[in-house]
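These are the residues of each chain, in order.
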Amino acid sequence: MTQKIIELKNVSKSFGNDKVLHNINLDISNGEFLTLLGPSGCGKTTILRLIAGFENPSDGEIFLNGEKINAIPANKRNVCTVFQNYALFPHMNVFDNVAFGLRIKNLNAEEIKTKVDAVLKMVKLENFAQRKPHQLSGGQQQRVAIARAVVNDPLVLVLDEPLSALDYKLRKDMQIELKELQRRLGITFIFVTHDQEEALSMSDRIVILNNGNIEQIGSPQQIYEMPQSLFVAQFIGEANVLTGHIEEVQDDFIKVQIAQSCYQFHYTHSKLQKNDKVNVILRPEDLQIYLDNAEKTHCLSGKITNIVYKGATVDLRVALENDNVVTISEFFDDSRHQKFVVNQTIQIGWADGVEVILHDT
Amino acid sequence: MTPSKANWLKKASITTISLWLAIFVFIPTLLVIATSFLRVGENNFVIFSFTLDNYQKILDPVFFHVFFASCYLALITTFVCLLIGYPFAYLLTQFSPNIRRILLLLVIIPFWTSSLIRIYAIKILLLQIERSLRFFYPDVSILYTEMAVLIGLIYTMLPFMILPLFSTMEKLDRRLIEAAQDLGATPRQTFMRIILPLTIPGIIAGSMLVFLPVLGLFYVTDLLGGAKNIVIGNLIKNQFLVARNWPFASAASVFVIILMAMLIFVYIKSINRFGGSRHEKVQ
Amino acid sequence: MKKFSKYLYLFVVFVFLYIPIFTLILYSFNKSTYSVAWKGWTWSWYTKLLANDSLIETAIHSLILAATSSTLATIIGTLTAIAIFRYRFFGKKLLSGLIYIVMMSPDIVMAISLLVLFLLIKIELGFWTLLLSHITFCLPFVIITLQARLSQLNKHLIEAAEDLGANEYQTLRYVLVPVLFPAIAAGWLLSFTLSMDDVIISFFVTGPQFEILPLKIYSLVRLGVKPEVNALCTIMFIFTFFVVMVSQFLIKEK
Ligand SMILES: Nc1ncnc2c1ncn2[C@@H]1O[C@H](COP(=O)(O)OP(=O)(O)OP(=O)(O)O)[C@@H](O)[C@H]1O
Ligand SMILES: [Mg+2]
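Residue numbers (this note's numbering), protein chains in the order written: chain A, 934 to 1294; chain B, 5 to 287; chain C, 284 to 537.
Simulated from the structure, these hints should not be mistaken for laboratory data.
Wrong hints could be hidden among the right ones.
Not everything, but these chain A residues come out facing chain C in the computed CB check (under 10 Å) [claimed, not checked]: (1) Arg982; (2) Cys1013; (3) Phe1016; (4) Tyr1019; (5) Phe1033; (6) Leu1035; (7) Arg1036.
These numbers come from a predicted model, not from an experiment.
In this text, a Cβ means the ideal position worked out from N, Cα and C, and glycines have one as well.
With the hints as constraints, model all of the structure from the sequences given.
Have a look at this one:
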């Protein structure tokens, strides 16, 4: 792809004896929308603060545009931050907030006015320039925070859960606006969120973090469809995990023993060997229910324990013979789903190739 | 916080305050402690030879009486202030925030007012009362008695007790009281087991703010008391400025410092024991 | 009934707190010179007060002293509170603890200590010794007033300023000082009244050259009850009253 704007090389961070980041290696390309995703306390904020310059790495190197920036303080880095609670200056109006960075750079008043007006227009706040932060709604404050950052033409914009304080509807709108803004500006966005749907829908690439380690980096589709670890599979979306072991390895397929049955999968990677323990990951929407008893290659039988109507879809919880419970998600179809009742025994199957087989470590 | 680049603002602020406290608090305190071990010289000056006489002198009946009486007076003042102030502060917390703010303001105004002026004011009042009472009891005397001193001290120090108590009580989580009642505690039990323990840091802070200054308030005894009613403050003042016995005055001051150290120790213990945040002074 | 007794209790305590002050104010308008008996209304004590040049001079001394010491205490105190809030440094806990101790320590102890210091280094007692002492006892009050405000501050505000390119000084000048302004002003006012009211410490560290109001009042009230003193004390009380009002307003303002 294009040139690297930020590189983290073997970056570690400790607070006292508490090591919160372990050897992080991460390249961020110019102009991309990168999201850091992971459970609370996994180190997302810490990575952002390292990039923005509020923390120093305990170990490793950080590069911005090819230049090592470990020792450069936040106020000298061309990286701007949008804080989670916005951190707008309460004593300044919107205009002055946005103009702050430009005034620090000693730009002349005219230039400042042109730039600030342009940015305020871009975030649709041109009529609010004279208001104080406390006279704005949450969404408006959010946009001031973004305007205040982008007006400085940063190379990288860093956003720590910028949408988490907004209500559901507003958050959806802002997601679209933010994405559009990023495309228009062409600035690299490094974005932190708790919301996996947000991450999937907005990002060019997603970094999944767990306990200060990178679990996987990839496009939303890669992350969702080809999780490289059980953690990623279970963290993103819902995953049915079937445990078993390898019965047989051939050139283009393997056989896996799950409970009492043996299943054959296309598999061409060479990593797996006979008797390895594996997890077979299946997304709920990839599972299907077979009403007839016709023999299929992948077929499990189980009892329906619960049926949850969700509007467009319906979730069925099914207890398998080996006590595993799986969830099946289907588009709701009245005539079809009327036939299902709790405690009914059904057959479940899936199309060839939708499964992900992970070595159980 | 920021990358650890040394910056002059940080250095300047920390250096200034450290030097200031060192020069005007720490060193002077050491000087006083040192002086308390010296002898008085011929010309009212100190002689640099070590002695414990000044501390022995505290035990001398004449002076011991002052120390004892003054601590006793401070103790009674503290106790009465607590007795009046505790229910008062508690009642204040029962009001809606708006009314509470006004009532609190009424406590803060005297808190900020010069205690000298307030002592003078109570002198005028006591004078009036004394005059009125003399119509009926010609022999009655209020002013220049120990009672007058006590009233004056209580009057001056009461806001210093109420404010810290109020700030601890305000922070008290009302749900704890409700929880206690919910679990079947009677009002008495709720008070003894929940409210009282949780407000102990406030009680100690208030007691400290009352007890220690009382020992030094020489103008209260000056204005309201007779010749016999004096506190350590009067003693220090006289020894230092009139008798020119610096070592003894210093020893008396060290005595107060030791009392203070003990009270601070108790306060810190109580905070660790009964939780709660460090008491913040209400302005 | 129970409620009534609560109100009654509050009322009685407030009466106790205020009756003496009201008596004082009332008697500052009393015609009688020597007796405490009420002889009718007059303004004359106030006009006499204003004609008393030496008293006016003393008052000016006090105002100068209070303004200077509270300004310096506010500057040092503000920087200290911000440093304690922002930075990690060696001895930070000790410093915070020491500030509380200085605030708690009784005036008489500080008075003796400072006097011993001044006598030892042989500074002439007067304006300078008063100034240094007043700054010292005002400092902890300023610091604690500011700390209360800083603890409510959005922690990211400082980082936001740095992020936008501001250096230490610019962050202080354009963000922290304006945001903290109400607390800084409240701290200044508190110091100002403390300085205007202090008797004990000033009594020890003052010199004959520089007479100040609280000590003047002290020497006057020792001599007995005088209507002019009543007038003077009334003015001082009303002054404090307004200062409290202003500072409360500043603190409450968001
Ligand atoms: N200043 C600090 N001092 C000590 N520990 C810290 C500090 N900042 C963060 N930590 C610790 O580092 C770990 C990672 O924190 P971080 O804030 O990066 O998590 P996060 O992924 O942003 O979590 P969240 O989603 O809850 O915001 C946590 O265990 C946290 O307790
Ligand atoms: Mg975070």
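Verification of the hints:
no., hint, result
1, Arg982, "8 Å, holds"
2, Cys1013, "6 Å, holds"
3, Phe1016, "4 Å, holds"
4, Tyr1019, "8 Å, holds"
5, Phe1033, "5 Å, holds"
6, Leu1035, "9 Å, holds"
7, Arg1036, "8 Å, holds"
Violation of the numbered hints given earlier is absent; every hint is satisfied by the structure.
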